[in-house]
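Kindly generate the complete structure, drawing on both the sequences and the hints.
Residues 3 to 200 in this note's numbering are what the sequence shown lists, from first letter to last.
One thing to keep in mind: the hints can contain errors.
To be verified - Calculated cross-link-like contacts (lysine-lysine; reagent style DSS-like; alpha-carbon spacing at most 27 angstroms): (1) K128 to K78; (2) K43 to K134; (3) K168 to K81; (4) K25 to K81; (5) K81 to K199; (6) K5 to K17; (7) K134 to K81; (8) K198 to K131; (9) K168 to K134; (10) K131 to K81; (11) K134 to K78; (12) K131 to K78; (13) K131 to K168; (14) K168 to K78; (15) K43 to K25; (16) K163 to K128; (17) K25 to K5; (18) K198 to K163; (19) K134 to K159; (20) K78 to K4; (21) K168 to K199; (22) K81 to K128; (23) K78 to K25; (24) K4 to K25; (25) K128 to K199; (26) K159 to K131; (27) K78 to K198.
Said to hold, decoys possible - Per label pair, the in silico range of CB-to-CB distance: (28) E160 to H58: 21 to 31 angstroms; (29) K163 to Q36: 51 to 61 angstroms; (30) K159 to S187: 24 to 34 angstroms.
Honestly, the hints are just simulated from the structure, not real lab data. Glycine is no exception: its CB is placed at the ideal position from the N, C-alpha and C atoms.
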Amino acid sequence: MKKIEVLEQLVDALKILPGVGPKSALRLTYFLLQRNREGAKILSENISNALEQLMHCELCNNFSEEHICSICLSSKRDKNTICVVEMPTDLLMMEETHSYNGLYFILMGRLSPLDGIGPNDIHLGKLVKRIKDSNITEIILATNFTVEGNATAQYIKELFKDIDIKTTRIARGLPMGGEIEYVDSGTLAQAIVERKKI
Numbered sequence: 003m004k005k006i007e008v009l010e011q012l013v014d015a016l017k018i019l020p021g022v023g024p025k026s027a028l029r030l031t032y033f034l035l036q037r038n039r040e041g042a043k044i045l046s047e048n049i050s051n052a053l054e055q056l057m058h059c060e061l062c063n064n065f066s067e068e069h070i071c072s073i074c075l076s077s078k079r080d081k082n083t084i085c086v087v088e089m090p091t092d093l094l095m096m097e098e099t100h101s102y103n104g105l106y107f108i109l110m111g112r113l114s115p116l117d118g119i120g121p122n123d124i125h126l127g128k129l130v131k132r133i134k135d136s137n138i139t140e141i142i143l144a145t146n147f148t149v150e151g152n153a154t155a156q157y158i159k160e161l162f163k164d165i166d167i168k169t170t171r172i173a174r175g176l177p178m179g180g181e182i183e184y185v186d187s188g189t190l191a192q193a194i195v196e197r198k199k200i
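What follows is the structure, encoded as structure tokens:
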């Protein structure tokens, strides 16, 4: 049977999604084309709109429709505290706890030398500049409790060891190997409240 190139391209495109392997991508492709063509059109339009209209906030890397996101612009936020997280989904989870009202910085990843991800790949220079150019008195390190997340937190702590700034780490209400995105808001709220100086 001759391969249909357009079909193969769609399968390959879907494989870039996390957790979607070749078989899942093929099932999704057939589902969208066979059973939900209208849904496929809506999905395509929404992806296109997001790519055109969203950008990263110039201060914190959060997704925003403007150059500076609503959190960074808000006069109601505590401008003396900054919470460093790995991904935008971690910021969303932190906000759901309603236990933190400061600023954020999203690394867009974590240090992982085995994967070739170093300090420049996770915007650490931008983080240092933001903290030096502001009145931040506390950095809350809310990276995941994985080997890479812990190494990232330790690296960031070392970056600021010679600056008079309090550096804390969220408490281990989270399981070892756990990722913030998948933790319930009650556990995460407790971890924020019980953060420790490192």
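Going through the hints against the structure:
Taking the CA atoms of K128 and K78, the gap is near 23 angstroms; set against the 27 angstroms cutoff, the hint holds. Straight-line distance between C-alpha atoms of K43 and K134 comes to about 46 angstroms, which puts the hinted pair past the 27 angstroms bound. Between K168 and K81 the alpha-carbon distance is near 14 angstroms, which keeps this suggested pair within the 27 angstroms criterion. About 47 angstroms separates the Cα atoms of K25 and K81, which puts this hinted pair outside 27 angstroms; it is violated.
Restraint check for K81 and K199: the C-alpha separation of about 19 angstroms stays at or below 27 angstroms, so the hint holds. Restraint check for K5 and K17: the C-alpha separation of about 18 angstroms stays at or below 27 angstroms, so the hint holds. For the given pair, K134 sits about 13 angstroms from K81 by alpha-carbon distance, which is consistent with the 27 angstroms threshold. Of the pairs offered as hints, the one joining K198 and K131 holds, with about 24 angstroms between alpha carbons and a cut-off of 27 angstroms not exceeded.
Between K168 and K134 the alpha-carbon distance is near 13 angstroms, which keeps this suggested pair within the 27 angstroms criterion. With a C-alpha separation of about 15 angstroms, the suggested pairing of K131 with K81 holds against the 27 angstroms cut-off. Restraint check: the Cα-Cα separation between K134 and K78 comes to about 21 angstroms, which is no more than 27 angstroms; the hinted pair holds. Among the hinted pairs, K131 with K78 is consistent with the structure: their alpha-carbon atoms are about 23 angstroms apart, no more than 27 angstroms.
For a cut-off of 27 angstroms, the pair hint linking K131 to K168 stands: about 17 angstroms separates their Cα positions. Restraint check for K168 and K78: the C-alpha separation of about 22 angstroms stays at or below 27 angstroms, so the hint holds. With a C-alpha separation of about 22 angstroms, the suggested pairing of K43 with K25 holds against the 27 angstroms cut-off. For a cut-off of 27 angstroms, the pair hint linking K163 to K128 stands: about 17 angstroms separates their Cα positions.
A hinted pair counts as satisfied when its Cα atoms are at most 27 angstroms apart, and K25 with K5 qualifies at roughly 16 angstroms. About 16 angstroms separates the Cα atoms of K198 and K163, which keeps this hinted pair within 27 angstroms; it holds. Proximity of K134 to K159 is assessed by CA-CA distance (about 14 angstroms); at most 27 angstroms being required, the pair is judged to hold. For a cut-off of 27 angstroms, the pair hint linking K78 to K4 is broken: about 61 angstroms separates their Cα positions.
Between K168 and K199 the CA atoms are separated by roughly 7 angstroms; this keeps the pair inside 27 angstroms, and the hint holds. For the given pair, K81 sits about 17 angstroms from K128 by alpha-carbon distance, which is consistent with the 27 angstroms threshold. Restraint check for K78 and K25: the C-alpha separation of about 48 angstroms exceeds 27 angstroms, so the hint is violated. For a cut-off of 27 angstroms, the pair hint linking K4 to K25 stands: about 19 angstroms separates their Cα positions.
With a C-alpha separation of about 23 angstroms, the suggested pair K128 and K199 falls inside the 27 angstroms cut-off, and the hint holds. Our distance criterion of 27 angstroms between C-alpha atoms is met by K159 and K131, whose separation comes to about 15 angstroms. Taking the CA atoms of K78 and K198, the gap is near 25 angstroms; set against the 27 angstroms cutoff, the hint holds. The hinted range of 21 to 31 angstroms is satisfied by E160 and H58, whose Cβ atoms lie roughly 25 angstroms apart.
Hint check: K163 to Q36, Cβ distance near 58 angstroms, so the stated range 51 to 61 angstroms holds. K159 and S187 have their C-beta atoms about 26 angstroms apart, which keeps the hinted 24 to 34 angstroms range intact.
In this structure, the earlier hints numbered 2, 4, 20, 23 are contradicted, and the remaining ones agree with it.
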